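Visitor: Reminder that position 403 of the sequence shown reads as 403 in our numbering, one-by-one numbering, no gaps.
Keep in mind the hints are simulated off the structure, nothing from the lab.
Hints may contain errors.
Stated by the list, open to error - Pair by pair, the computed Cβ-Cβ distance ranges are: (1) V470 to F144: 33 to 41 Å; (2) V470 to T293: 23 to 31 Å; (3) S269 to R196: 54 to 62 Å; (4) K323 to A279: 44 to 52 Å; (5) L239 to M155: 18 to 26 Å; (6) E352 to A279: 54 to 62 Å; (7) R417 to D286: 23 to 31 Å; (8) L108 to F216: 44 to 52 Å; (9) P361 to F144: 41 to 49 Å; (10) R103 to M155: 48 to 56 Å; (11) R417 to R289: 33 to 41 Å; (12) K341 to G272: 34 to 42 Å; (13) A302 to R342: 19 to 27 Å; (14) H236 to N292: 34 to 42 Å.
Stated by the list, open to error - Listed below are the simulated BS3-like cross-link pairs for lysine-lysine, each with C-alpha atoms no more than 25 Å apart in a straight line: (15) K192 to K237; (16) K426 to K381; (17) K217 to K192; (18) K426 to K341; (19) K299 to K217; (20) K341 to K381.
Small disclaimer: the values here were computed from a predicted structure and weren't measured.
In this text, a Cβ means the ideal position worked out from N, Cα and C, and glycines have one as well.
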Amino acid sequence: MLRVTALRWVIIPAGGVIVTALGYYLLHQDSPTEALIGGALALIVGLTLSVLLWRLVIFRRGLVAIHQAVRSAQEGALVPIVAAPVTRSVLGGLADDYNLLVRDLGSLFHEMEQSQLWTIGERNRHDAILRSLPGVLLTVDSDFRVTLSNRQAEMLFGCVSEEMLGQNLFDLLCLDEAGREVLRETFLYEQKVRNREIVLSVRDALRYFSLNVTFFKSQSAGDSSAAIILQDITEHKRLQEVTHQTEKLVAMGQLAAGVAHELNTPLGSIIGYTQLMIAEAPPFADSSRQLNTIYTEAKRCARIVDNLLAYARRDQCAPGSCKINDVVRDVVESVNCCQGKRYNVQVIMALEGDPEVQGEPGQLDIVLANIIMNAVQAAAKSAAEPRVLVTSRVESGAAVVDVVDNGPGISSAVRHRVFDPFFTTKGPGAGTGLGLAISQSIVTRIGGTLHCDSVFQGGARFVTTLPLRVAV
1 MLRVTALRWV IIPAGGVIVT ALGYYLLHQD SPTEALIGGA LALIVGLTLS
51 VLLWRLVIFR RGLVAIHQAV RSAQEGALVP IVAAPVTRSV LGGLADDYNL
101 LVRDLGSLFH EMEQSQLWTI GERNRHDAIL RSLPGVLLTV DSDFRVTLSN
151 RQAEMLFGCV SEEMLGQNLF DLLCLDEAGR EVLRETFLYE QKVRNREIVL
201 SVRDALRYFS LNVTFFKSQS AGDSSAAIIL QDITEHKRLQ EVTHQTEKLV
251 AMGQLAAGVA HELNTPLGSI IGYTQLMIAE APPFADSSRQ LNTIYTEAKR
301 CARIVDNLLA YARRDQCAPG SCKINDVVRD VVESVNCCQG KRYNVQVIMA
351 LEGDPEVQGE PGQLDIVLAN IIMNAVQAAA KSAAEPRVLV TSRVESGAAV
401 VDVVDNGPGI SSAVRHRVFD PFFTTKGPGA GTGLGLAISQ SIVTRIGGTL
451 HCDSVFQGGA RFVTTLPLRV AV
(Lines of atoms letter the chains of each structure in order from A and count residues from 1; the text may use other names and numbers.)
(Lines give C-alpha, C1' and ligand atoms only; values in the text may rest on other atoms or scores of the structure.)
Protein backbone atom coordinates (compact mmCIF):
# COMPACT_ATOMS: atom_id res chain seq x y z
CA MET A 1 0.00 0.00 0.00
CA LEU A 2 1.16 3.58 -0.81
CA ARG A 3 0.52 6.51 1.52
CA VAL A 4 0.54 10.03 0.16
CA THR A 5 1.48 13.16 2.12
CA ALA A 6 1.76 16.79 0.87
CA LEU A 7 5.07 16.46 -1.02
CA ARG A 8 6.37 13.11 0.16
CA TRP A 9 5.44 9.59 -1.01
CA VAL A 10 5.96 6.52 1.16
CA ILE A 11 5.56 2.99 -0.18
CA ILE A 12 3.90 0.57 2.25
CA PRO A 13 4.39 -2.98 1.00
CA ALA A 14 1.69 -4.45 3.33
CA GLY A 15 -1.37 -3.23 1.44
CA GLY A 16 -2.70 -1.39 -1.58
CA VAL A 17 -4.05 1.75 0.07
CA ILE A 18 -2.92 5.20 -1.15
CA VAL A 19 -3.40 8.01 1.35
CA THR A 20 -3.39 11.58 -0.09
CA ALA A 21 -3.03 14.90 1.67
CA LEU A 22 -6.74 15.40 1.14
CA GLY A 23 -7.53 12.22 2.99
CA TYR A 24 -8.46 10.08 0.01
CA TYR A 25 -7.37 6.46 -0.29
CA LEU A 26 -6.95 4.40 -3.43
CA LEU A 27 -7.06 0.68 -2.85
CA HIS A 28 -5.36 -1.33 -5.46
CA GLN A 29 -2.66 -3.90 -5.14
CA ASP A 30 -1.73 -4.91 -8.68
CA SER A 31 1.65 -4.03 -10.16
CA PRO A 32 0.49 -2.02 -13.24
CA THR A 33 -1.34 0.45 -11.07
CA GLU A 34 1.66 0.93 -8.83
CA ALA A 35 3.88 1.50 -11.89
CA LEU A 36 1.51 4.10 -13.32
CA ILE A 37 1.29 5.99 -10.08
CA GLY A 38 5.07 5.81 -9.56
CA GLY A 39 5.71 7.31 -13.04
CA ALA A 40 3.34 10.20 -12.36
CA LEU A 41 5.04 10.91 -9.09
CA ALA A 42 8.50 10.85 -10.73
CA LEU A 43 7.29 13.35 -13.35
CA ILE A 44 6.00 15.72 -10.70
CA VAL A 45 9.23 15.48 -8.71
CA GLY A 46 11.31 16.06 -11.86
CA LEU A 47 9.33 19.16 -12.82
CA THR A 48 9.67 20.53 -9.31
CA LEU A 49 13.44 19.98 -9.30
CA SER A 50 13.75 21.52 -12.78
CA VAL A 51 12.05 24.70 -11.59
CA LEU A 52 14.34 24.83 -8.58
CA LEU A 53 17.43 24.25 -10.69
CA TRP A 54 16.37 26.94 -13.21
CA ARG A 55 15.98 29.47 -10.40
CA LEU A 56 19.37 28.50 -9.05
CA VAL A 57 20.83 28.98 -12.55
CA ILE A 58 19.28 32.46 -12.69
CA PHE A 59 20.81 33.19 -9.28
CA ARG A 60 24.22 31.97 -10.43
CA ARG A 61 24.00 34.03 -13.64
CA GLY A 62 23.31 37.07 -11.52
CA LEU A 63 26.40 36.38 -9.42
CA VAL A 64 28.49 35.90 -12.58
CA ALA A 65 27.17 39.20 -14.00
CA ILE A 66 28.07 40.99 -10.76
CA HIS A 67 31.54 39.43 -10.76
CA GLN A 68 32.18 40.42 -14.39
CA ALA A 69 30.97 43.96 -13.77
CA VAL A 70 33.30 44.35 -10.78
CA ARG A 71 36.25 42.96 -12.75
CA SER A 72 35.52 45.36 -15.64
CA ALA A 73 35.30 48.28 -13.20
CA GLN A 74 38.72 47.36 -11.82
CA GLU A 75 40.07 47.55 -15.37
CA GLY A 76 38.50 50.97 -15.93
CA ALA A 77 35.38 49.97 -17.90
CA LEU A 78 31.92 50.41 -16.39
CA VAL A 79 29.51 47.70 -17.63
CA PRO A 80 25.80 47.72 -16.61
CA ILE A 81 24.80 44.81 -14.32
CA VAL A 82 22.19 42.60 -16.03
CA ALA A 83 20.79 40.25 -13.36
CA ALA A 84 17.21 39.02 -12.99
CA PRO A 85 15.65 39.23 -9.50
CA VAL A 86 15.25 36.00 -7.48
CA THR A 87 12.01 35.10 -5.69
CA ARG A 88 11.74 34.12 -2.05
CA SER A 89 10.55 30.65 -3.05
CA VAL A 90 14.07 29.88 -4.23
CA LEU A 91 16.31 31.43 -1.57
CA GLY A 92 13.88 32.48 1.09
CA GLY A 93 15.04 35.58 3.00
CA LEU A 94 18.37 35.49 1.16
CA ALA A 95 16.55 36.46 -2.03
CA ASP A 96 15.73 39.90 -0.58
CA ASP A 97 19.39 40.49 0.28
CA TYR A 98 20.44 39.34 -3.17
CA ASN A 99 17.95 41.57 -4.96
CA LEU A 100 18.96 44.56 -2.77
CA LEU A 101 22.63 43.93 -3.57
CA VAL A 102 21.92 43.88 -7.31
CA ARG A 103 19.90 47.09 -7.08
CA ASP A 104 22.51 48.93 -4.97
CA LEU A 105 25.34 47.82 -7.25
CA GLY A 106 23.38 48.98 -10.28
CA SER A 107 22.86 52.41 -8.71
CA LEU A 108 26.52 52.60 -7.70
CA PHE A 109 27.71 51.71 -11.20
CA HIS A 110 25.35 54.29 -12.70
CA GLU A 111 26.77 56.99 -10.41
CA MET A 112 30.30 55.90 -11.29
CA GLU A 113 29.45 56.09 -14.99
CA GLN A 114 28.10 59.63 -14.58
CA SER A 115 31.20 60.60 -12.62
CA GLN A 116 33.41 59.10 -15.32
CA LEU A 117 31.57 61.07 -18.02
CA TRP A 118 31.99 64.26 -15.98
CA THR A 119 35.70 63.55 -15.52
CA ILE A 120 36.13 62.96 -19.25
CA GLY A 121 34.33 66.23 -19.98
CA GLU A 122 36.57 68.13 -17.55
CA ARG A 123 39.66 66.53 -19.06
CA ASN A 124 38.55 67.52 -22.56
CA ARG A 125 37.89 71.07 -21.35
CA HIS A 126 41.30 71.14 -19.70
CA ASP A 127 42.94 69.92 -22.91
CA ALA A 128 41.04 72.53 -24.94
CA ILE A 129 42.31 75.28 -22.63
CA LEU A 130 45.87 74.02 -22.96
CA ARG A 131 45.58 73.87 -26.76
CA SER A 132 44.17 77.40 -26.94
CA LEU A 133 47.00 78.96 -24.92
CA PRO A 134 48.98 81.25 -27.25
CA GLY A 135 52.28 80.37 -25.59
CA VAL A 136 54.30 77.28 -24.74
CA LEU A 137 53.28 75.62 -21.46
CA LEU A 138 55.51 73.20 -19.56
CA THR A 139 55.15 71.87 -16.03
CA VAL A 140 58.16 70.34 -14.29
CA ASP A 141 58.70 68.55 -11.00
CA SER A 142 61.33 69.25 -8.36
CA ASP A 143 63.92 67.34 -10.44
CA PHE A 144 63.33 69.61 -13.48
CA ARG A 145 61.61 66.75 -15.33
CA VAL A 146 58.78 67.68 -17.70
CA THR A 147 55.40 66.38 -16.49
CA LEU A 148 53.04 68.22 -18.86
CA SER A 149 53.23 70.07 -22.17
CA ASN A 150 50.75 71.58 -24.63
CA ARG A 151 50.45 71.61 -28.41
CA GLN A 152 52.45 74.83 -28.78
CA ALA A 153 55.34 73.07 -27.02
CA GLU A 154 55.09 70.24 -29.54
CA MET A 155 55.27 72.73 -32.42
CA LEU A 156 58.22 74.59 -30.88
CA PHE A 157 60.37 71.58 -30.00
CA GLY A 158 59.27 69.35 -32.88
CA CYS A 159 58.20 66.34 -30.82
CA VAL A 160 54.98 64.99 -29.31
CA SER A 161 54.09 65.40 -25.64
CA GLU A 162 54.87 61.77 -24.82
CA GLU A 163 58.46 62.24 -26.00
CA MET A 164 58.90 65.34 -23.81
CA LEU A 165 57.67 63.68 -20.63
CA GLY A 166 60.57 63.03 -18.28
CA GLN A 167 63.06 65.14 -20.22
CA ASN A 168 65.29 67.54 -18.33
CA LEU A 169 64.10 71.13 -18.72
CA PHE A 170 67.58 72.54 -19.32
CA ASP A 171 68.30 69.99 -22.05
CA LEU A 172 64.95 70.60 -23.72
CA LEU A 173 65.18 74.39 -23.85
CA CYS A 174 68.76 74.60 -25.21
CA LEU A 175 69.37 77.78 -23.22
CA ASP A 176 72.45 79.91 -23.40
CA GLU A 177 74.47 80.35 -20.20
CA ALA A 178 72.62 83.53 -19.23
CA GLY A 179 69.26 81.78 -19.57
CA ARG A 180 70.47 78.77 -17.58
CA GLU A 181 71.60 81.06 -14.77
CA VAL A 182 68.18 82.74 -14.71
CA LEU A 183 66.42 79.38 -14.34
CA ARG A 184 68.88 78.12 -11.73
CA GLU A 185 68.24 81.12 -9.48
CA THR A 186 64.51 80.93 -10.14
CA PHE A 187 64.25 77.29 -9.02
CA LEU A 188 66.75 77.70 -6.19
CA TYR A 189 64.73 80.42 -4.46
CA GLU A 190 61.34 79.49 -5.99
CA GLN A 191 60.86 83.04 -7.18
CA LYS A 192 58.13 83.93 -9.63
CA VAL A 193 59.36 85.27 -12.96
CA ARG A 194 57.35 87.75 -15.02
CA ASN A 195 58.12 88.56 -18.67
CA ARG A 196 61.83 87.85 -18.44
CA GLU A 197 63.46 87.96 -21.87
CA ILE A 198 65.56 84.92 -22.81
CA VAL A 199 67.09 83.56 -26.01
CA LEU A 200 66.48 79.97 -27.15
CA SER A 201 68.08 78.00 -29.94
CA VAL A 202 65.20 76.60 -31.99
CA ARG A 203 66.14 74.39 -34.95
CA ASP A 204 69.57 76.02 -35.24
CA ALA A 205 68.09 79.53 -35.07
CA LEU A 206 68.04 81.96 -32.15
CA ARG A 207 64.64 83.29 -31.08
CA TYR A 208 63.55 85.65 -28.32
CA PHE A 209 61.02 84.49 -25.72
CA SER A 210 59.23 86.03 -22.77
CA LEU A 211 59.64 83.72 -19.74
CA ASN A 212 57.04 83.38 -16.96
CA VAL A 213 57.47 80.89 -14.09
CA THR A 214 54.98 80.09 -11.29
CA PHE A 215 55.47 77.53 -8.51
CA PHE A 216 52.79 75.33 -6.94
CA LYS A 217 52.58 72.32 -4.59
CA SER A 218 51.54 68.91 -5.86
CA GLN A 219 48.48 67.63 -3.95
CA SER A 220 49.53 63.99 -4.26
CA ALA A 221 53.22 64.09 -3.36
CA GLY A 222 53.46 67.50 -1.75
CA ASP A 223 56.56 68.33 -3.79
CA SER A 224 57.06 71.72 -5.37
CA SER A 225 56.36 71.91 -9.10
CA ALA A 226 56.59 74.77 -11.56
CA ALA A 227 54.54 75.97 -14.52
CA ILE A 228 56.60 77.59 -17.26
CA ILE A 229 55.05 79.73 -20.02
CA LEU A 230 57.14 80.84 -23.00
CA GLN A 231 55.87 83.45 -25.44
CA ASP A 232 57.73 83.95 -28.73
CA ILE A 233 58.46 87.69 -29.00
CA THR A 234 60.95 87.56 -31.87
CA GLU A 235 58.61 89.29 -34.31
CA HIS A 236 57.54 91.76 -31.64
CA LYS A 237 61.16 92.74 -31.02
CA ARG A 238 61.72 93.15 -34.75
CA LEU A 239 58.73 95.47 -35.01
CA GLN A 240 60.00 97.40 -32.02
CA GLU A 241 63.35 97.83 -33.72
CA VAL A 242 61.65 98.98 -36.93
CA THR A 243 59.54 101.51 -35.01
CA HIS A 244 62.55 102.76 -33.11
CA GLN A 245 64.55 103.03 -36.30
CA THR A 246 61.76 104.94 -38.03
CA GLU A 247 61.67 107.44 -35.20
CA LYS A 248 65.42 107.90 -35.49
CA LEU A 249 65.10 108.33 -39.25
CA VAL A 250 62.64 111.18 -38.79
CA ALA A 251 64.87 112.97 -36.30
CA MET A 252 68.06 112.40 -38.29
CA GLY A 253 66.35 113.46 -41.51
CA GLN A 254 65.46 116.82 -40.04
CA LEU A 255 69.01 117.26 -38.74
CA ALA A 256 70.56 116.15 -42.03
CA ALA A 257 68.50 118.64 -44.03
CA GLY A 258 69.68 121.52 -41.88
CA VAL A 259 73.33 120.44 -41.87
CA ALA A 260 73.41 119.80 -45.62
CA HIS A 261 71.89 123.17 -46.38
CA GLU A 262 74.42 124.99 -44.21
CA LEU A 263 77.39 123.08 -45.68
CA ASN A 264 76.53 123.37 -49.35
CA THR A 265 77.39 127.07 -49.69
CA PRO A 266 80.88 127.02 -48.10
CA LEU A 267 81.74 123.75 -49.85
CA GLY A 268 80.79 125.23 -53.20
CA SER A 269 83.10 128.17 -52.56
CA ILE A 270 85.98 125.92 -51.47
CA ILE A 271 85.66 123.69 -54.54
CA GLY A 272 85.34 126.62 -56.92
CA TYR A 273 88.33 128.58 -55.62
CA THR A 274 90.43 125.41 -55.38
CA GLN A 275 89.77 124.67 -59.04
CA LEU A 276 90.90 128.20 -59.95
CA MET A 277 94.09 127.86 -57.90
CA ILE A 278 94.87 124.45 -59.44
CA ALA A 279 94.50 125.93 -62.91
CA GLU A 280 96.98 128.72 -62.10
CA ALA A 281 99.53 126.61 -60.14
CA PRO A 282 102.48 124.86 -61.83
CA PRO A 283 101.56 121.23 -62.66
CA PHE A 284 104.26 119.49 -60.58
CA ALA A 285 104.67 121.97 -57.75
CA ASP A 286 104.04 120.97 -54.13
CA SER A 287 101.29 123.55 -53.97
CA SER A 288 99.54 121.84 -56.87
CA ARG A 289 99.54 118.48 -55.08
CA GLN A 290 98.22 120.12 -51.92
CA LEU A 291 95.50 121.90 -53.87
CA ASN A 292 94.48 118.61 -55.48
CA THR A 293 94.23 117.06 -52.03
CA ILE A 294 92.02 119.92 -50.87
CA TYR A 295 89.85 119.56 -53.96
CA THR A 296 89.49 115.76 -53.51
CA GLU A 297 88.52 116.04 -49.86
CA ALA A 298 86.11 118.88 -50.59
CA LYS A 299 84.42 116.78 -53.28
CA ARG A 300 84.17 113.93 -50.77
CA CYS A 301 82.45 116.29 -48.35
CA ALA A 302 80.13 117.34 -51.15
CA ARG A 303 79.17 113.72 -51.78
CA ILE A 304 78.41 113.31 -48.09
CA VAL A 305 76.21 116.40 -48.27
CA ASP A 306 74.41 114.98 -51.32
CA ASN A 307 73.82 111.75 -49.43
CA LEU A 308 72.49 113.72 -46.48
CA LEU A 309 70.08 115.55 -48.76
CA ALA A 310 68.96 112.28 -50.31
CA TYR A 311 68.47 110.91 -46.81
CA ALA A 312 66.46 113.95 -45.74
CA ARG A 313 64.24 114.24 -48.83
CA ARG A 314 61.54 111.81 -47.65
CA ASP A 315 58.76 113.29 -49.70
CA GLN A 316 60.54 113.24 -53.04
CA CYS A 317 60.17 109.58 -53.97
CA ALA A 318 58.22 109.71 -57.21
CA PRO A 319 55.36 107.21 -57.39
CA GLY A 320 56.04 104.32 -59.70
CA SER A 321 56.39 100.58 -59.98
CA CYS A 322 58.82 98.02 -61.33
CA LYS A 323 59.55 94.32 -61.60
CA ILE A 324 61.72 93.78 -58.55
CA ASN A 325 63.44 90.69 -59.99
CA ASP A 326 64.60 92.75 -62.98
CA VAL A 327 66.16 95.28 -60.60
CA VAL A 328 67.83 92.47 -58.66
CA ARG A 329 69.32 90.96 -61.83
CA ASP A 330 70.71 94.31 -62.98
CA VAL A 331 72.30 95.06 -59.60
CA VAL A 332 73.77 91.56 -59.20
CA GLU A 333 75.24 91.67 -62.69
CA SER A 334 76.85 95.02 -61.95
CA VAL A 335 78.21 93.90 -58.58
CA ASN A 336 79.59 90.63 -60.00
CA CYS A 337 81.46 92.55 -62.69
CA CYS A 338 82.96 95.03 -60.23
CA GLN A 339 82.95 94.28 -56.50
CA GLY A 340 82.59 90.54 -57.04
CA LYS A 341 85.75 90.27 -59.11
CA ARG A 342 87.63 92.61 -56.82
CA TYR A 343 86.86 90.56 -53.68
CA ASN A 344 86.59 87.19 -55.48
CA VAL A 345 83.00 86.71 -54.28
CA GLN A 346 80.24 85.31 -56.47
CA VAL A 347 76.70 86.60 -55.92
CA ILE A 348 74.09 83.89 -56.55
CA MET A 349 70.40 84.51 -57.24
CA ALA A 350 67.32 82.39 -56.45
CA LEU A 351 64.34 84.42 -57.60
CA GLU A 352 60.71 83.31 -57.49
CA GLY A 353 57.91 84.55 -59.73
CA ASP A 354 57.82 87.99 -61.30
CA PRO A 355 56.30 90.33 -58.69
CA GLU A 356 55.70 93.98 -59.51
CA VAL A 357 56.27 96.31 -56.56
CA GLN A 358 55.73 99.94 -55.75
CA GLY A 359 58.81 102.14 -56.13
CA GLU A 360 60.98 103.60 -58.84
CA PRO A 361 63.67 101.24 -60.19
CA GLY A 362 66.31 103.96 -59.75
CA GLN A 363 65.53 104.22 -56.03
CA LEU A 364 65.37 100.46 -55.46
CA ASP A 365 68.62 100.09 -57.40
CA ILE A 366 70.32 102.25 -54.75
CA VAL A 367 68.82 100.16 -51.96
CA LEU A 368 69.85 96.77 -53.33
CA ALA A 369 73.28 97.97 -54.46
CA ASN A 370 74.12 99.21 -50.95
CA ILE A 371 72.98 95.97 -49.31
CA ILE A 372 74.59 93.58 -51.81
CA MET A 373 77.93 95.42 -51.92
CA ASN A 374 78.07 95.37 -48.11
CA ALA A 375 77.36 91.63 -48.22
CA VAL A 376 80.16 91.05 -50.75
CA GLN A 377 82.67 92.94 -48.59
CA ALA A 378 81.55 91.01 -45.49
CA ALA A 379 81.70 87.62 -47.24
CA ALA A 380 85.25 88.37 -48.39
CA LYS A 381 86.29 88.23 -44.71
CA SER A 382 84.97 84.68 -44.33
CA ALA A 383 87.50 81.90 -43.77
CA ALA A 384 85.26 79.50 -45.69
CA GLU A 385 84.36 79.88 -49.34
CA PRO A 386 82.80 83.35 -49.55
CA ARG A 387 79.33 83.55 -51.02
CA VAL A 388 76.33 85.86 -51.20
CA LEU A 389 72.82 84.61 -51.91
CA VAL A 390 70.01 86.90 -53.08
CA THR A 391 66.49 85.44 -53.00
CA SER A 392 63.05 86.85 -53.71
CA ARG A 393 59.55 85.61 -52.96
CA VAL A 394 56.01 86.82 -52.39
CA GLU A 395 54.83 86.51 -48.81
CA SER A 396 51.74 87.91 -47.07
CA GLY A 397 50.90 90.30 -49.90
CA ALA A 398 54.41 91.74 -50.23
CA ALA A 399 57.61 91.03 -52.13
CA VAL A 400 60.50 89.95 -49.90
CA VAL A 401 64.14 90.19 -50.99
CA ASP A 402 66.73 88.48 -48.77
CA VAL A 403 70.46 89.16 -49.04
CA VAL A 404 72.48 86.56 -47.10
CA ASP A 405 76.26 86.34 -46.74
CA ASN A 406 78.51 83.90 -44.88
CA GLY A 407 80.78 86.54 -43.46
CA PRO A 408 81.59 87.11 -39.78
CA GLY A 409 78.11 88.50 -39.14
CA ILE A 410 77.10 91.52 -37.08
CA SER A 411 77.55 91.38 -33.32
CA SER A 412 74.52 91.98 -31.14
CA ALA A 413 76.32 94.92 -29.53
CA VAL A 414 76.21 97.00 -32.73
CA ARG A 415 73.35 95.39 -34.65
CA HIS A 416 70.85 98.00 -33.46
CA ARG A 417 73.06 100.77 -34.88
CA VAL A 418 73.63 99.51 -38.43
CA PHE A 419 71.00 101.89 -39.84
CA ASP A 420 72.24 104.93 -37.93
CA PRO A 421 73.66 107.66 -40.19
CA PHE A 422 77.48 107.79 -40.16
CA PHE A 423 77.78 104.48 -38.30
CA THR A 424 80.04 101.97 -40.02
CA THR A 425 82.04 98.90 -39.10
CA LYS A 426 84.45 99.46 -41.97
CA GLY A 427 87.87 101.00 -41.62
CA PRO A 428 88.63 104.74 -41.94
CA GLY A 429 87.90 106.04 -45.42
CA ALA A 430 86.18 102.80 -46.47
CA GLY A 431 82.64 104.09 -46.01
CA THR A 432 80.60 107.06 -44.89
CA GLY A 433 78.05 105.06 -42.89
CA LEU A 434 75.16 106.49 -44.90
CA GLY A 435 74.45 103.64 -47.33
CA LEU A 436 72.12 101.59 -45.12
CA ALA A 437 70.55 104.70 -43.59
CA ILE A 438 69.66 106.03 -47.04
CA SER A 439 68.45 102.59 -48.16
CA GLN A 440 66.13 102.24 -45.18
CA SER A 441 64.87 105.77 -45.72
CA ILE A 442 63.94 104.97 -49.33
CA VAL A 443 62.23 101.70 -48.43
CA THR A 444 60.29 103.35 -45.61
CA ARG A 445 59.03 106.09 -47.94
CA ILE A 446 57.77 103.44 -50.36
CA GLY A 447 55.84 101.76 -47.54
CA GLY A 448 58.11 98.77 -46.98
CA THR A 449 60.59 97.67 -44.34
CA LEU A 450 64.31 96.95 -44.24
CA HIS A 451 65.83 95.17 -41.27
CA CYS A 452 68.75 93.00 -40.23
CA ASP A 453 67.72 89.54 -39.04
CA SER A 454 68.73 89.49 -35.38
CA VAL A 455 68.55 85.69 -34.98
CA PHE A 456 70.32 84.62 -38.17
CA GLN A 457 73.54 82.67 -37.62
CA GLY A 458 76.42 81.98 -39.97
CA GLY A 459 76.75 85.48 -41.39
CA ALA A 460 74.31 88.34 -41.90
CA ARG A 461 70.84 88.47 -43.42
CA PHE A 462 69.13 91.67 -44.56
CA VAL A 463 65.43 91.45 -45.38
CA THR A 464 63.71 94.00 -47.62
CA THR A 465 59.92 93.91 -47.77
CA LEU A 466 58.22 95.92 -50.52
CA PRO A 467 54.48 96.43 -51.11
CA LEU A 468 53.12 94.92 -54.29
CA ARG A 469 51.81 97.22 -56.99
CA VAL A 470 48.10 97.86 -56.61
CA ALA A 471 46.22 97.35 -59.86
CA VAL A 472 44.18 100.40 -60.87
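Visitor: Okay, P361 versus F144 on CB: inside 41 to 49 Å?
Guide: With a Cβ separation near 57 Å, P361 and F144 fall outside 41 to 49 Å, so the hint is violated.
Visitor: 23 to 31 Å was suggested as the range; check whether the CB atoms of R417 and D286 agree with it.
Guide: Roughly 41 Å apart at Cβ, these two residues miss the hinted range, so it is violated.
Visitor: Tell me if the beta carbons of K323 and A279 are separated by a distance inside 44 to 52 Å.
Guide: 47 Å, holds
Visitor: Take a quick look at whether K426 and K381 sit within 25 Å of each other, Cα to Cα.
Guide: Distance of about 12 Å is within 25 Å: holds.
Visitor: With the threshold set at 25 Å, check whether the alpha-carbon distance from K192 to K237 stays at or below it.
Guide: 23 Å, holds
Visitor: How does the Cβ-Cβ distance of E352 and A279 compare with 54 to 62 Å: does it lie in that range?
Guide: Holds, at about 55 Å.
Visitor: Holds or violated: are the alpha carbons of K299 and K217 at most 25 Å from each other?
Guide: Violated, at about 73 Å.
Visitor: For the hint 23 to 31 Å, verify it against the beta carbon of V470 and that of T293.
Guide: 51 Å, violated
Visitor: Is 33 to 41 Å respected by the C-beta to C-beta distance linking V470 and F144?
Guide: About 54 Å separates the Cβ atoms of V470 and F144, which means 33 to 41 Å is violated.
Visitor: Does K192 lie within 25 Å of K217 when you go C-alpha to C-alpha?
Guide: Judged against 25 Å, a Cα distance of about 14 Å means the pair holds.
Visitor: Quickly compare the C-alpha distance for K426 and K341 to 25 Å and report which way the hint goes.
Guide: Holds, at roughly 19 Å.
Visitor: So the hint says 33 to 41 Å: do the beta-carbon atoms of R417 and R289 match that?
Guide: 37 Å, holds
Hints 1, 2, 7, 8, 9, 14, 19 from the earlier list are contradicted by this structure; the remaining hints agree with it.
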